[in-house]
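Asker: Work out the full structure, taking the sequences as your base and the hints as a guide.
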Amino acid sequence: MAAKEEISNVTTETKNKELDSTTEDPPTSLETISEGNAVRNGVQAAQKDKTKIDILLKATANAPIMKQKKWSVYQDNPIGRISEFIKKYLKLDPNERLFLYVNQTFAPAPDQTVKNLYDCYGADGKLVIHYCKSQAWG
Amino acid sequence: MANDREVLREIWDGKIPVCFTLNSEEICDLQGPDPFYLMVPRLSYFPLCTEKVRKHFIRHIQSDKQEHEMWLEFNGIPLKWHYPIGVLLDIYFNDIQLPWNIVVHFDKFPENVLMHCQNKEVVEAHFLSCIKEADVLKHRGQIVSSMQKKDHTQLWNGIMNDKFDQFWSVNGRLMETSTEEGFKYIPFRCYTNEDKYIQKLVKPMNEEGQRKTLKHLLNEVFPDQENVTVRTHGIVPPLETPLQWMSEHLSYPDNFLHLIVITS
Amino acid sequence: MTSNEAGISLVAREDISWRKDLISQLRERNRSQTNCFADLISLHNRLFESANTLRNTNMQLTIANETLRREAANGNIGIGGNSDLEARLLKQAEELAMLHKRKGEHTQQIVDLNNKLQEITKELQAKEISLAESLEANANLRLEITKCLGREKETESINQMLKDEHQALQLAFASLEEKLRKTQEENRQLIERLIKYKARDAEKMNEENDNFLRKRQAKMQKELEDAARDTRPVSPDRLSLKEVAGLPTAVPTKVSVTFVHTSESKGILVGSNAGVMSVDFDSTGTLILGASNDYASRVWTVSDLRLKGNIVGSRHSTLVALSVQRHYFHADPSNYLAKLPHLHP
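Residue numbers (our numbering), protein chains in the order written: chain U, 1 to 138; chain X, 1 to 264; chain V, 1 to 345.
No wet-lab data here; the hints were simulated from the structure.
Below, computed lysine-lysine pairings styled on DSBU-like, alpha-carbon distance capped at 35 Å:
| no. | chain 1 | residue 1 | chain 2 | residue 2 |
| --- | --- | --- | --- | --- |
| 1 | U | 87 | X | 149 |
| 2 | U | 58 | X | 203 |
| 3 | U | 133 | X | 200 |
| 4 | U | 88 | U | 50 |
| 5 | U | 87 | X | 196 |
Some, not all, of what chain U presents toward chain X, calculated at C-beta under 10 Å:
| no. | residue |
| --- | --- |
| 6 | 103 |
| 7 | 104 |
| 8 | 106 |
| 9 | 107 |
| 10 | 111 |
| 11 | 135 |
Ideal Cβ placement from N, Cα and C applies to all residues, glycine included.
Answerer: Have a look at this one:
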C-alpha cells in the first residue's frame with residue numbers, strides 16, 4: 001500500500017509542474033484538506049495532498065454564476081466536497097440539490113477524485129465542471 | 001462487438017450467497033430475527049436486492065427507527081452501495097468466506113462515508129451516469145446520446161430484473177466499434193484500496209497499431225511496479241487478454257472494467 | 001500479438017489460451033460460489049417462510065386456546081372441569097327455554113296472521129261481488145243509452161221530415177197567399193170598375209133626372225108664368241108641396257133600408273106617418289133615427305127593423321135627424337136644434 005502511494009506521488013508531482021506552466025491568472029486555493037487520507041499516514045498524506053488541479057466552474061441553466069470561477073483544488077479531493085463547497089459559496093439551502101457535470105454529459109459519483117477526472121477529461125490544463133440546480137443532462 | 005456470448009453468459013450468471021444479520025445492538029425483541037440468506041447477482045447493486053432483507057428485519061427494530069435508511073456493513077466497514085456487488089466482493093476477497101456475512105444497520109447512518117440512497121431511482125441515475133461516462137471514453141459520448149430514453153430504461157430494467165437478453169439488446173450498441181481500432185479509450189477503474197481507484201486514458205491500440213493487452217494497461221497505470229495482477233469478477237484474467245476484448249466482455253453493466261489490484 | 005480485424009476471428013485464430021483460462025476460471029467460480037449455495041439458500045428460504053406461516057398459525061391457535069380457557073375459567077372457581085360443563089349445560093337450558101318461548105310466540109303470530117288472511121279474503125270476495133254488480137249495471141246502462149240514442153235518431157229523422165213538410169207547406173201557403181192576394185187584387189179592381197160603371201150609370205141617371213127636372217122646371221116655369229098671368233091666391237099653410245102646381249112630388253114616406261153594396265133591399269122601416277125628411281145611424285150602427293113631417297122622430301133597430309121609440313114634441317115637422325154619439329138631435333124649420341131625450345137602445 002505504501003509503495004503505491006509513493007508512485008502516485010511521483011506521478012502527481014510531474015503533473016504539478018505541468019500545471020504551473022499553463023495557468024494564466026493565479027487561481028484561488030481551497031483550504032480544505034481531505035481528512036480521510038490524513039488519518040492514514042501523516043507524512044505521505046501531506047505530500048500527496050499538496051498537488052493541486054485547476055478547475056473551472058461554469059453555471060448552467062438557472063444556477064447563479066460564481067464570482068470566482070477558477071479554483072485550484074487538491075487532486076485527491078472527492079468531487080463531492082467540491083459540490084458542498086459550491087453550495088456554501090452560493091449560499092444555497094442545504095436541502096437544495098446541486099448537480100455537477102463533466103463534459104456536459106455525465107454526473108460523476110461524489111467519491112470520484114478530481115485527479116481521475118482531470119486525467120480523463122481535463123483540457124488545457126484544467127478541468128471544466130458545469131453545475132446547476134436541476135438535472136441538465138439526465 | 002461483444003460476440004462471445006458464452007463468456008457474457010457466464011459473467012452474467014455470477015451470483016453469490018450472502019447471509020444478512022441484523023446489528024445486535026438494534027434488536028428490539030426478545031427473540032432476535034433469524035439471519036436472512038439470499039443469492040445476490042454480482043453485476044447488480046445492493047439496493048436493488050435488499051428489499052426482502054429490509055422487510056424481514058424491520059419488525060425487529062425499534063418502531064421509530066423503521067423509517068431510517070438501511071445500510072450494510074462488513075467487518076466494521078460500511079459498504080458503498082454505488083459499487084457493483086462484484087466489485088465489493090473483489091475488494092474484500094481476502095476476508096470473505098462464503099456465504100458472505102453482512103450486518104444490516106438501520107441506525108447511525110455514516111454520513112461522511114456513505115451516500116444516501118433513498119430509492120431505486122437514485123441507483124438508476126448513478127448507473128446511467130456511469131454508462132454515459134464510459135461512452136464518453138469509448139465513443140466521445142455519441143452512441144449514448146443517440147439513444148432514446150426508452151433504451152436507457154431498457155438497460156436499467158435488464159439489470160433490475162436480471163434479464164440478460166433485454167440488457168444486451170441495447171448494450172450491444174454500446175460495445176460497437178466503428179473503426180478497426182476499437183474504442184477511443186478503454187473505460188476502466190483500478191482499485192488500489194477500498195476507497196481509492198485510478199482512472200486514466202488508455203487506448204486499446206498502441207501507436208504501431210497493435211492491440212494492447214491487460215499487461216500494457218497495468219504498465220501504464222502502474223509504471224513503477226512490476227508483476228501487478230488484478231482480479232475482476234472473482235477471477236484473475238490472464239495478462240495477455242486483449243484490452244478491447246476485455247472491455248467488451250468483462251465490463252460490468254455500467255460499461256466499466258473494475259479491476260482490483262491484488263495485494264499479496 | 002499480431003494485429004487483426006474483428007474480435008471473433010481474432011479469438012478463433014489466435015492462441016486462445018487466455019480465453020480458455022478465463023472461461024475455466026469463470027466456470028469454476030460459478031460452480032463453487034453460485035451453484036453450491038443457490039439450491040441450499042432457496043430451500044432455506046422456503047423453509048423459513050413455511051416456518052413463519054406455521055408460527056403465525058400457531059400463535060393464532062394459542063390465542064384462541066387462551067380465550068377459550070379464560071372463558072371456561074369464568075365459570076365456577078375451584079370446582080374444576082365439571083363446573084365448566086355445568087355452566088354450559090345451564091346456558092344451553094336457558095337457550096332452550098328461550099327458544100321454546102319464541103316458538104310459542106311465533107305460533108301465535110301464525111294464527112293471528114291466518115285469521116287476518118281469512119278476513120281479507122272475505123273482504124276481497126265481497127268487493128268482487130260488488131264489482132260484478134257494478135259491471136252489470138254498467139252494461140245495462142250502456143244498453144239503455146244505445147236505445148235512447150236510437151230513439152233520438154228516429155225522433156230527429158221524424159223531426160226532419162216534419163220540418164221538410166212544414167217547409168213544403170209553407171211554400172204552398174206562400175204560393176196560395178200570393179194567389180189570394182192576386183185574386184183579391186183582381187177583385188178589388190173588378191169592384192172598382194163596377195163602382196165606376198155604377199157611378200157612371202148613376203151620373204147618367206142623375207143627368208137624365210136633371211134633364212127631366214130641368215125640363216119640368218122649364219115646364220113649371222112656363223106654367224107659372226102662365227099662372228102668373230092668371231092670378232090666383234095661394235095659402236102656403238095648407239098647401240104641401242105636392243099640392244102646389246099639382247105636381248106629383250115625391251117625398252119619401254118610408255125608409256127603406258138597403259144594403260148599399262149589393263143594392264139588396266134589406267127591409268122597410270114602417271111607422272112614420274108623414275114624409276121622412278132625414279135618417280141617420282147611431283154611432284154603434286144598430287139604430288136608425290128618422291125625422292118625419294108628422295112632428296115626430298122615430299128610432300128603429302137595424303137588426304130586426306122594429307120600431308124602438310118615437311119622440312114627439314117638435315113644434316114643427318122635423319127635418320133633420322142627427323145622431324151624435326149617443327145623443328140624438330133633430331132640427332125643425334123653426335131653427336131649433338132640440339136634443340132629444342136619451343133613448344136607451
